[in-house]
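**Student:** Sequence:
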Amino acid sequence: MSDFGQALIGGWRFERTVTDGNAMSGTARFEPESDGTLRYREEGLLTLRDRTGPPLHFSRGYFYRFAGAALTILFDEPTPRLFEEIALSGDAANWQGTGFHPCGHDRYRSRYALDHDGFHTVHHVQGPRKSYSIETRYTRL
Numbered sequence: 130m131s132d133f134g135q136a137l138i139g140g141w142r143f144e145r146t147v148t149d150g151n152a153m154s155g156t157a158r159f160e161p162e163s164d165g166t167l168r169y170r171e172e173g174l175l176t177l178r179d180r181t182g183p184p185l186h187f188s189r190g191y192f193y194r195f196a197g198a199a200l201t202i203l204f205d206e207p208t209p210r211l212f213e214e215i216a217l218s219g220d221a222a223n224w225q226g227t228g229f230h231p232c233g234h235d236r237y238r239s240r241y242a243l244d245h246d247g248f249h250t251v252h253h254v255q256g257p258r259k260s261y262s263i264e265t266r267y268t269r270l
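With the numbering used here applied, the sequence shown corresponds to residues 130 to 270, in that order.
Keep in mind that a hint or two might mislead.
To be verified - Dumping the calculated EDC-like pairs for lysine to aspartate or glutamate here, alpha-carbon to alpha-carbon at most 20 angstroms:
#, residue 1, residue 2
1, Lys259, Asp132
2, Lys259, Glu206
3, Lys259, Asp220
4, Lys259, Asp179
Unchecked claim - Simulated DEER-style distance windows between Cβ atoms:
#, residue 1, residue 2, range
5, Thr181, Leu211, 30 to 38 angstroms
6, Glu144, Asp164, 26 to 34 angstroms
7, Cys232, Gly139, 28 to 36 angstroms
8, Pro184, Ala216, 17 to 25 angstroms
9, Asp220, Pro184, 34 to 42 angstroms
10, His234, Glu160, 33 to 41 angstroms
11, Lys259, Asp220, 19 to 27 angstroms
12, Phe229, Arg170, 36 to 44 angstroms
13, Thr146, Pro257, 33 to 41 angstroms
14, Glu160, Asn223, 21 to 29 angstroms
15, Gly197, Thr146, 15 to 23 angstroms
16, Arg238, Thr181, 13 to 21 angstroms
17, Gly233, Arg266, 42 to 50 angstroms
It is worth saying that the hints were derived from the structure and are not from the lab. Just so it is clear, CB atoms sit at the ideal spot from N, CA and C, and this is done for glycine as well.
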């Protein structure tokens, strides 16, 4: 596994905001698999802007595959499929990258960064069915 991936291993707390007013918070873990892939798993609470009542529980997963200065993220499904490919720069302690994901006619343009403050992702989503940004800030548990 690359040094970029080594820097993510372990537990994280996250706060996620969506420009449509929804928010999520919870915990996430990056665990190494035998092939060098990182399995990402998160769970937490989803607060919907237009819903009264208690927050909803959610979970999701991805696979992070590092190859040199490239990161491929796959959905954790019985047959994993591509979410995004990211070109990375920097070093293991302070890296950043950008990615792109088509979702039908909608497009995700993403930024990833890891530094001394934690791990940070931003997804800008534009298209005929979607128009919002998702920002997630991770801090070590």
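**Student:** Decide, hint by hint, whether the structure agrees.
**Tutor:** To see whether the hints hold, each was checked on the structure:
1. Lys259 x Asp132: violated, 35 angstroms
2. Lys259 x Glu206: violated, 23 angstroms
3. Lys259 x Asp220: Not OK: lysine 259 and aspartate 220 at ~34 angstroms, beyond 20 angstroms, violated.
4. Lys259 x Asp179: Holds, at roughly 17 angstroms.
5. Thr181 x Leu211: 30 to 38 angstroms: Check passed, 37 angstroms falls within 30 to 38 angstroms.
6. Glu144 x Asp164: 26 to 34 angstroms: Taking Cβ atoms as reference, glutamate 144 and aspartate 164 lie about 31 angstroms apart, which means the hint holds.
7. Cys232 x Gly139: 28 to 36 angstroms: holds, 29 angstroms
8. Pro184 x Ala216: 17 to 25 angstroms: violated, 35 angstroms
9. Asp220 x Pro184: 34 to 42 angstroms: holds, 38 angstroms
10. His234 x Glu160: 33 to 41 angstroms: holds, 35 angstroms
11. Lys259 x Asp220: 19 to 27 angstroms: violated, 34 angstroms
12. Phe229 x Arg170: 36 to 44 angstroms: Given range 36 to 44 angstroms: violated, Cβ gap about 24 angstroms.
13. Thr146 x Pro257: 33 to 41 angstroms: Roughly 24 angstroms apart at Cβ, these two residues miss the hinted range, so it is violated.
14. Glu160 x Asn223: 21 to 29 angstroms: Since the Cβ atoms of glutamate 160 and asparagine 223 sit about 23 angstroms apart, the hinted range of 21 to 29 angstroms holds.
15. Gly197 x Thr146: 15 to 23 angstroms: violated, 32 angstroms
16. Arg238 x Thr181: 13 to 21 angstroms: violated, 33 angstroms
17. Gly233 x Arg266: 42 to 50 angstroms: Since glycine 233 and arginine 266 have Cβ atoms about 28 angstroms apart, the given range 42 to 50 angstroms is violated.
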